[in-house]
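Using the hints provided, position chains B and C with the ligands relative to the given structure of chain A.
Residues per chain, in single letters:
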Amino acid sequence: MTALPEPGDLAIHTTGLGKSFGKRRAVNDLDLAVPRGSIFGFLGPNGAGKTTTIRMLLGLATPDSGSISLLSEPMPAAASRVLPRVGSLIEGPAFYPFLSGRSNLIRLDSANHESDASTRGRRVDAALDKVGLGKAARLAVHAYSLGMKQRLGIANALVNVRELLVLDEPTNGLDPQGTREVRHLIRVLATEGTTVVVSSHLLSEIEQTCSHVAVMSVGNLVAQGTLEEFRADGRRVVSLRTPDTGVALAVLARLGLEARQDPVPGGQDGVLDAALGPEAPEPERLVEELVAAGVRVRGFTVQAASLEERFVALTGEGFDLVQ
Amino acid sequence: MSSSGLLANEVALLFRRRRTWAMLLALGAVPVLIAVAVRLTSGPPTGRGPAFLDRVAGNGLFVAITGLLVCIPLFLPLTIAVVSGDTIAGEAGTGTLRYLLTAPVSRPRLLLVKFAVAALFALAAAAMVALCGLGIGALLFPTGPVTLLSGTTISAPAAVLRVGLVALYVAVSLLGLTMLGLFISTLTDVPVGAMAATAVLAVTAQILGQLPQLDWLHPWLFTQHWLGFADLLRDPIRWSEFGQNALLQGGYLLVFGALAYGRFASKDVLS
Amino acid sequence: MAVKPAVLKKWIPAVLAPAVIAAFAVGASFSANAQVELEPKTPQQVLQMIAGSSVVDFSGTARATLDLGIPQLPDPGSSGMMQQPGSPGSEGDTDTDGAPETAGANLLGMLSALSGTHEARVYVDGPEKARIQVMDGMDEQNFIRNGSSLWHYDSAENTAVHLVLPKVPRHAGPPRHTMQPPTPGVVADRLIEAMGPNTEMSVQDDTRVAGRDAYILELVPRSDGSLIAKVSIGVDAATGAPLEVVVDAVGQEDPAIAVGFTTFTPETPAADLFEFTPPPGAEVTEHKIAKKFLDHKPDHGPRAKAKANGHKIPKPFLEHKTGAKDKNAKPGPKNPAGHPATINGTGWDTVVVVPAKEVPKDLANNELLNQLATPVEGGKLLHTSLLNILVTDDGRMVIGAVTVDRLQAAANNQ
Ligand SMILES: Nc1ncnc2c1ncn2[C@@H]1O[C@H](COP(=O)(O)OP(=O)(O)O)[C@@H](O)[C@H]1O
Ligand SMILES: [Mg+2]
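Protein chains in written order, with our numbering: chain A, 1 to 323; chain B, 1 to 271; chain C, 1 to 414.
Please note: incorrect hints may appear among the correct ones.
Said to hold, decoys possible - Straight-line C-alpha distance at most 16 Å; calculated EDC-like pairs for lysine to aspartate or glutamate:
{"hint": "1", "chain 1": "C", "residue 1": "357", "chain 2": "C", "residue 2": "393"}
{"hint": "2", "chain 1": "C", "residue 1": "41", "chain 2": "C", "residue 2": "57"}
{"hint": "3", "chain 1": "C", "residue 1": "10", "chain 2": "B", "residue 2": "268"}
{"hint": "4", "chain 1": "B", "residue 1": "267", "chain 2": "A", "residue 2": "64"}
{"hint": "5", "chain 1": "C", "residue 1": "380", "chain 2": "C", "residue 2": "405"}
{"hint": "6", "chain 1": "C", "residue 1": "230", "chain 2": "C", "residue 2": "218"}
What the hints assert, rightly or not - Which bits of chain A does chain B cover? Going by a derived footprint, with three or more residues having C-beta under 8 Å, they are:
{"hint": "7", "region": "50-59"}
{"hint": "8", "region": "94-102"}
No lab work stands behind these hints: they were computed from the structure.
Everything numeric in this text was worked out from a predicted model, so none of it was measured.
All C-beta atoms, glycine included, are put in the ideal place defined by N, C-alpha and C.
Next comes chain A alone, as it looks inside the complex (with noise of 0.2 Å):
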């Protein structure tokens, strides 16, 4: 990874963050930086610690240790300062059921002690049209779809104009369409020059819209940097198709790789798979000692892992959550 930016150009920085709940260590020594401007995607599976970290960073809950820094200024010192210029959605929307949409944002925007009451009925109207409810702006809140009121969420933190957003989980309960809109927004409001940070247990939906990422496991943060370099770090995998399946794993483990026979229904030809460490020889080097081993090679891919992979290599596999 490459070295962290100057911190007067990050929108968020934890330095040593920690939380427990209990003997549960849910946050560990986490250094977050999310530089200014950036889509920032913040990953992790489920439980991994990354709503407990967004509630740190917003002031909800108090951090056993480390100090954050959030828009330049201390949390949770100066949260009345910082906070009328974040937005955010933290862990699902939340809203009085028996009130409008519409009355539900106007009430949380009265709560806000630096926004302007004169324009505020403007600045509802046109968060609601933003994502989409403008018609269903005075519909009471009990008569919306879960992806209704998730919108809706997005609208509340969208209601003022925000140096930062921090949308945890944004996409949840949204139909396909409401995903792409969401993403389309995120797209929008940054050229605007907001900092968005969108936390995510799918990584689909950051790597489409995301320029910087950290994945957090387990309460730790395993990697953390520009898109760009999470892709690069990944190992590349050679993909070898041939019938002489027994002398090519020879030759492979000849030069130190560990390849794998993948099944193949139906045809004679077998494929191996093998990933490609630093130490480990060029392909065109391979593909040269296999011929010359007497391989009939059939076919060879050189892949960069794919995100998927790297998430999973970094997180671990499997739908047991790791405690």
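Leaving out everything else, chains B and C with the ligands in the frame of chain A:
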């Protein structure tokens, strides 16, 4: 400007809730029921009954006083428990607390606004009983000069003023419980729990107040002066009970306000 | 995990608030009972101050607390919220005059009802104008005297009783007759009357009573048989008015009787306080008092009147105290008809022996009495912290503010 914005919004919200009106109407029904019952039986009341009940038939203005007397031990505390127990725990329960705090509103200010709204409800509740009592009393019974406990007779407008004073006394009496409910509300994310605990406290305090073995404790119970508004119906008015009550309630506001602040300001909002 | 100082700081108000309140409470009680520096006075001088007190106009709030060590009896009228609007007095109270039966049989019931704390507002303007408002939960008893007109108004029953005195006797002092609760001045007067060489008098540390600097005159019986440990009288340093009387019983931590002002203003109350017009709708009873009756016993009238309304006046108790302590007092109140009751001993040790035929029959068989009395040698003993009553096996009644063996000795001497 915007600091009062939240307060105005919260007040509007309180009176927009159906629950609030259900409680206020239930409270208003108490004097109406009393008046109708007295009207239907019409004869001089016999046996046990709330003080002042025997005067209702003679003067409708007493319906308001009797109504307040009947409501203060249980009905009013119950509604206060619902409103004050809901203040913080209700927001935590629906999850809106995290959005209020990140809006942002500072925690002390939110507490203050929530208390102000609950206190306003206490005033509204007492006023509701008094007004419904005055209304139904004037409708069903003769009204006119009122005899005070000391035997002095005052004019009807002066008597309405006294009823207002009694309602104010009752509202002030409920402030300590309101703050207690607010404090309990900061302890949990389950509003029903906070409401129940507050109501139980109100009843418990009254029971403790009845135990002579605990008379050292009695001056410190927030329920101690709840029935003391009779002093406002004497001639001359005796203010010492009003003052002591206000002082006691003020003490509760101070102590439990500080506790609520301590708890809420240091609490992790995880709902 | 360690709690951060920033978090601890939020709890500072929660710690300070009770501390501030405790400090205020302590400070308030300290200044209320604070010792004050007054010019030193001998008991003699303090008594003179009382005698020479010129306060005839004042208003104040008086509080009386009675703790006679008798069990709490069911009490229909004190629960504040729920009341029996038409509750008759205890049975026996329906007699129109203070017959001994009434007094004896309900002595305990009345004392029990009176036990606890009672508050009254007192307004006095000279010897002929007085108003006492006894505040009892949601009710109030008013006793108003304005010249020859006496009113009693009972808010619970909305009844008024009017008495017209034929001619106001000169010597009728301040509201001697309106005895509920007795004003500090009256009680002090009576105690001082009763004092003789058998009392040790001293002036204690000066303090504050009703927010006013006061001398404390302490009377300790020179007797080892008395149930009375001591009597303290708080005397207003500025005016000489007695502000407080506290009677301590032997072996009881709390005072048996504490009567005192909680507020006291030596100023003329508003004149209209003494004007009383019965409210419309109130049931008014008119009484005329025969002149000779009044002359004979100036404080009988109001009692009879109150009795007629079923009030709980501590009559037997107060009468008894007068009788027991003042050896010169006629046993009259107990025996209006002049039947002989023997008086043994003097001063604090006075014992009254009522002959068997004078003891009301219902008293001997009274259920309540039988429950509360304990069998002792020679009869049944009824014990309160200030008074012992021995009903002997042969039916006599021996009464005194002394230990039971004194009563037994008096009974045996007959
Ligand atoms: N209120 C809470 N009480 C106890 N443990 C909690 C609480 N909230 C979160 N946790 C624990 O903290 C860890 C991180 O949770 P969270 O931050 O919500 O994860 P994420 O948002 O990444 O899915 C989890 O192990 C979770 O069980
Ligand atoms: Mg989460």
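Each hint, compared with the structure:
Of the pairs offered as hints, the one joining residue 357 (chain C) and residue 393 (chain C) holds, with about 13 Å between alpha carbons and a cut-off of 16 Å not exceeded. Restraint check: the Cα-Cα separation between residue 41 (chain C) and residue 57 (chain C) comes to about 25 Å, which exceeds 16 Å; the hinted pair is violated. Between residue 10 (chain C) and residue 268 (chain B) the alpha-carbon distance is near 13 Å, which keeps this suggested pair within the 16 Å criterion. Note on residue 267 (chain B) and residue 64 (chain A): the hinted pairing holds, with a Cα-Cα distance of about 13 Å set against a maximum of 16 Å.
For a cut-off of 16 Å, the pair hint linking residue 380 (chain C) to residue 405 (chain C) stands: about 13 Å separates their Cα positions. For the hint pairing residue 230 (chain C) with residue 218 (chain C), the CA-to-CA distance comes to about 7 Å; that is within 16 Å, so the pair holds. Against chain B, the region 50-59 of chain A contributes 3 residues with a C-beta closer than 8 Å to a partner C-beta. That satisfies the three-residue criterion, and the hint holds. Using a Cβ-Cβ cut-off of 8 Å, 6 residues of the region 94-102 of chain A lie near chain B, which meets the minimum of three, so the contact claim holds.
Violated hints amount to a single one, hint 2; each of the other numbered hints is respected by the structure.
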